[in-house]
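Chemist: First to last, the protein sequences are chains B and Z.
For the record, in the first sequence the residue sitting at position 108 is 108 according to UniProt numbering, with numbers rising by one throughout.
For the record, in the second sequence the residue sitting at position 29 is 29 according to UniProt numbering, with numbers rising by one throughout.
What the hints contain is simulated information worked out from the structure, not anything from laboratory work.
Glycine residues also receive a C-beta, built at the ideal position from the N, C-alpha and C atoms.
Please note that a few of the clues may not be correct.
As the list claims (entries may be wrong) - Computed Cβ-Cβ distance ranges for the label pairs, DEER-style: (1) Z:Thr187 - B:Leu294: 26 to 36 angstroms; (2) Z:Lys233 - B:Asp193: 42 to 52 angstroms; (3) Z:Gln196 - B:Asp193: 45 to 55 angstroms; (4) Z:Ser219 - B:Leu98: 38 to 48 angstroms; (5) Z:Gly41 - B:Trp116: 54 to 64 angstroms; (6) Z:Val217 - B:Arg170: 37 to 47 angstroms; (7) B:Asp183 - Z:Thr138: 16 to 26 angstroms; (8) Z:Thr138 - B:Asp193: 26 to 36 angstroms; (9) B:Leu71 - Z:Gly41: 30 to 40 angstroms; (10) Z:Thr138 - B:His143: 42 to 52 angstroms; (11) B:Ser169 - Z:Ile72: 19 to 29 angstroms; (12) Z:Lys158 - B:Arg170: 18 to 28 angstroms; (13) B:Arg170 - Z:Leu236: 41 to 51 angstroms.
To be verified - Pulled a few chain Z residues facing chain B out of the computed Cβ check, cut under 7 angstroms: (14) Ala79; (15) His84; (16) Phe92; (17) Met174; (18) Lys176.
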Amino acid sequence: MHQLPQTLVSGLALGALYGLIAIGYTMVYGIVQLINFAHGEIVMVGAFGALTIHLWLPGVPLGAALPLMILGGVVISVAVATAAERFAYRPLRNAPRLAPLITAIGLSIALQQLVWAFYPNAKKNRDFPQFHGNAFQLADNLHLQRDDVFILVAAPLCMLALGLFTTKSRTGRAMQATAQDPDTARLMGINTDRIIVLAFAIGGAFAAVAAVAQGLHIGQISFDMGFILGLKAFTAAVLGGIGNIYGAMLGGVVLGIAETSSITYIQDIPGMQQLGGGGWKDVWAFALLILVLLIRPQGLLGERVADRA
Amino acid sequence: MTAPLLEVHDLRIAYGKIEAVKGITFTVHPGQVVTLIGTNGAGKTTTLRTLSGLHPPLSGTIRFNGTSLRGIPAHRIVALGLAHSPEGRHIFPRLTIAENLQLGAFLRKDSDGIRRDTERAYELFPILGERAQQPAGTLSGGEQQMLAMGRALMSRPKLLMLDEPSMGLSPIMMQKIMATIAELKATGTTILLVEQNAQAALTLADQGHVMETGRIVLSGTGAELLHDESVRKAYLGED
Numbered sequence: 001m002h003q004l005p006q007t008l009v010s011g012l013a014l015g016a017l018y019g020l021i022a023i024g025y026t027m028v029y030g031i032v033q034l035i036n037f038a039h040g041e042i043v044m045v046g047a048f049g050a051l052t053i054h055l056w057l058p059g060v061p062l063g064a065a066l067p068l069m070i071l072g073g074v075v076i077s078v079a080v081a082t083a084a085e086r087f088a089y090r091p092l093r094n095a096p097r098l099a100p101l102i103t104a105i106g107l108s109i110a111l112q113q114l115v116w117a118f119y120p121n122a123k124k125n126r127d128f129p130q131f132h133g134n135a136f137q138l139a140d141n142l143h144l145q146r147d148d149v150f151i152l153v154a155a156p157l158c159m160l161a162l163g164l165f166t167t168k169s170r171t172g173r174a175m176q177a178t179a180q181d182p183d184t185a186r187l188m189g190i191n192t193d194r195i196i197v198l199a200f201a202i203g204g205a206f207a208a209v210a211a212v213a214q215g216l217h218i219g220q221i222s223f224d225m226g227f228i229l230g231l232k233a234f235t236a237a238v239l240g241g242i243g244n245i246y247g248a249m250l251g252g253v254v255l256g257i258a259e260t261s262s263i264t265y266i267q268d269i270p271g272m273q274q275l276g277g278g279g280w281k282d283v284w285a286f287a288l289l290i291l292v293l294l295i296r297p298q299g300l301l302g303e304r305v306a307d308r309a
Numbered sequence: 001m002t003a004p005l006l007e008v009h010d011l012r013i014a015y016g017k018i019e020a021v022k023g024i025t026f027t028v029h030p031g032q033v034v035t036l037i038g039t040n041g042a043g044k045t046t047t048l049r050t051l052s053g054l055h056p057p058l059s060g061t062i063r064f065n066g067t068s069l070r071g072i073p074a075h076r077i078v079a080l081g082l083a084h085s086p087e088g089r090h091i092f093p094r095l096t097i098a099e100n101l102q103l104g105a106f107l108r109k110d111s112d113g114i115r116r117d118t119e120r121a122y123e124l125f126p127i128l129g130e131r132a133q134q135p136a137g138t139l140s141g142g143e144q145q146m147l148a149m150g151r152a153l154m155s156r157p158k159l160l161m162l163d164e165p166s167m168g169l170s171p172i173m174m175q176k177i178m179a180t181i182a183e184l185k186a187t188g189t190t191i192l193l194v195e196q197n198a199q200a201a202l203t204l205a206d207q208g209h210v211m212e213t214g215r216i217v218l219s220g221t222g223a224e225l226l227h228d229e230s231v232r233k234a235y236l237g238e239d
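Okay, chain B solo, but in the shape it has when bound (with noise of 0.2 angstroms):
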């Protein structure tokens, strides 16, 4: 019981973390019915957006340049999410839904292609800054690593802003127009095109956010980063319900705990020392999401699809 609270609030970074990536999966599928596979990728090239201004600026402190690290993130981010939905899926919006799903994994391959051949080093992995200095000492048995205040506070106001943004704004009450019933949409006189490609860039800048986190966290980036993030995060939204921006973090926040507290506590239980620690999180993450979907296949706060005609 002594490592619980460390064990939550790792749990909770962590999970704050897939929850941001996760809103990016479950935005685009809410509107388009798209798995964007390649969602892992918008990460990455985030991360690398990032990287690139921390090189344009040395000398200049951490604290000082991290605004301008996720301003470069997210730009690029955003670009190649935004690009990827006019010229990857747009032209195969009518096709079967086989079409995309295939695109998006064929552009994830490129996308990691191109930045293993054309990145500076990025070969290898590639050292990402970090914060210097201790962690934060709450309690004896708790302390908050920096990285862990930043994904803490950064996920917190993308949400809160998200969720002003659907309920309060016209063209995010255009935005759930869209996704409830677009063809309607298009008949209120909402350029549904437009919401689509908003829907995209929000989960980008999302994606760069999250990406710039987990740089903070690791100290490293690299080319196939985004597969094994996109992957989690693509379960946390499943998790949660997919559709539902809500569940998508709720879904990242229980998925987040599950990892840390497998690795925590599994190696405790009598006959199981050999299934506990790190190297076993993911078995247990995607062991979560298989028993979720057995009792609540539409994931945690998803609802099932009952449309009166």
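Starting from the structure of chain B, add chain Z where the hints point.
Modeler: For chain Z alone, kept in the frame of chain B given last:
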């Protein structure tokens, strides 16, 4: 007679290789109620979807208020003054009734006018006002139909297209909806009405067209069609 508000000439529409509408021609003049009646699959809904830009035509011309609608996307057509209350109502179920009405006025900038028209919608359909803050999905079928009509009116259309407003409703609710359409007609609203309830539609209509498998097979005033023997046999259930 004044210039027509809507002119449809030799309009043909296909879904894939299947031609659903095979060359129809009709006009709607300002202030008129024109109805398209006919059985399921006659092409009535397809025609409305093409007029509002949701489905591309194969050939033919559509002129609305003097402008050709060819190639204009759906979200711009509503700005020209053509509102469409679709078949099956298609309200936004998880938005509130008030939000649904606001979306009907999506392109308008005059917040005072929008507020007045919202009040007017609540006068026309008091139940919508009483339940303004509830999700629209909680309304009954007939109430959803009222919301769909109210929402379409919120764009202040020059032409209101109603697709099957009485579909699936109880007789009492159907009467209510038809009475509302009559009320709208009395205030000078121009309406293109697609209905399976031919009796009710023809009673209201200035002009009616009978569609069968993609073609207009008979046209006339509402009264003429109402008394036409073949119409009575085919659509009014008489032997």
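Chemist: Take the C-beta atom of glycine 41 (chain Z) and the C-beta atom of tryptophan 116 (chain B), compute their distance, and say whether it sits inside 54 to 64 angstroms.
Modeler: 55 angstroms, holds
Chemist: Using 7 angstroms as the Cβ threshold, decide whether phenylalanine 92 (chain Z) counts as touching chain B.
Modeler: Result: holds, 5 angstroms to nearest chain B Cβ.
Chemist: Within 30 to 40 angstroms or not, the Cβ separation of leucine 71 (chain B) and glycine 41 (chain Z)?
Modeler: 56 angstroms, violated
Chemist: Kindly confirm whether 26 to 36 angstroms is satisfied by the beta carbon distance between threonine 138 (chain Z) and aspartate 193 (chain B).
Modeler: Since threonine 138 (chain Z) and aspartate 193 (chain B) have Cβ atoms about 31 angstroms apart, the given range 26 to 36 angstroms holds.
Chemist: Determine whether the Cβ-Cβ distance between arginine 170 (chain B) and leucine 236 (chain Z) falls within the hinted range of 41 to 51 angstroms.
Modeler: 46 angstroms, holds
Chemist: Have a go at the methionine 174 (chain Z) hint: is there a Cβ in chain B nearer than 7 angstroms to its own Cβ?
Modeler: Cβ of methionine 174 (chain Z) sits 16 angstroms from chain B, so the hint is violated.
Chemist: Should the hint that lysine 176 (chain Z) touches chain B count as held when the rule is a Cβ pair under 7 angstroms?
Modeler: With Cβ-Cβ at 19 angstroms, over 7 angstroms, it is violated.
Chemist: Given the hint of 42 to 52 angstroms, check if lysine 233 (chain Z) and aspartate 193 (chain B) actually sit that far apart at their C-beta atoms.
Modeler: 47 angstroms, holds
Chemist: Can we keep the alanine 79 (chain Z) interface hint, with Cβ of chain B closer than 7 angstroms?
Modeler: 6 angstroms, holds
Chemist: Could one say that the CB atoms of valine 217 (chain Z) and arginine 170 (chain B) fall in the range 37 to 47 angstroms?
Modeler: 45 angstroms, holds
Chemist: Could you tell me whether the CB distance from glutamine 196 (chain Z) to aspartate 193 (chain B) stays inside 45 to 55 angstroms?
Modeler: This hint is violated: roughly 34 angstroms between Cβ atoms.
Chemist: Starting from the range 19 to 29 angstroms, see whether the pair serine 169 (chain B) and isoleucine 72 (chain Z) falls in it by beta-carbon distance.
Modeler: This hint holds: roughly 27 angstroms between Cβ atoms.
Violated hints, in rising order: 1, 3, 9, 17, 18; the structure is consistent with all others.
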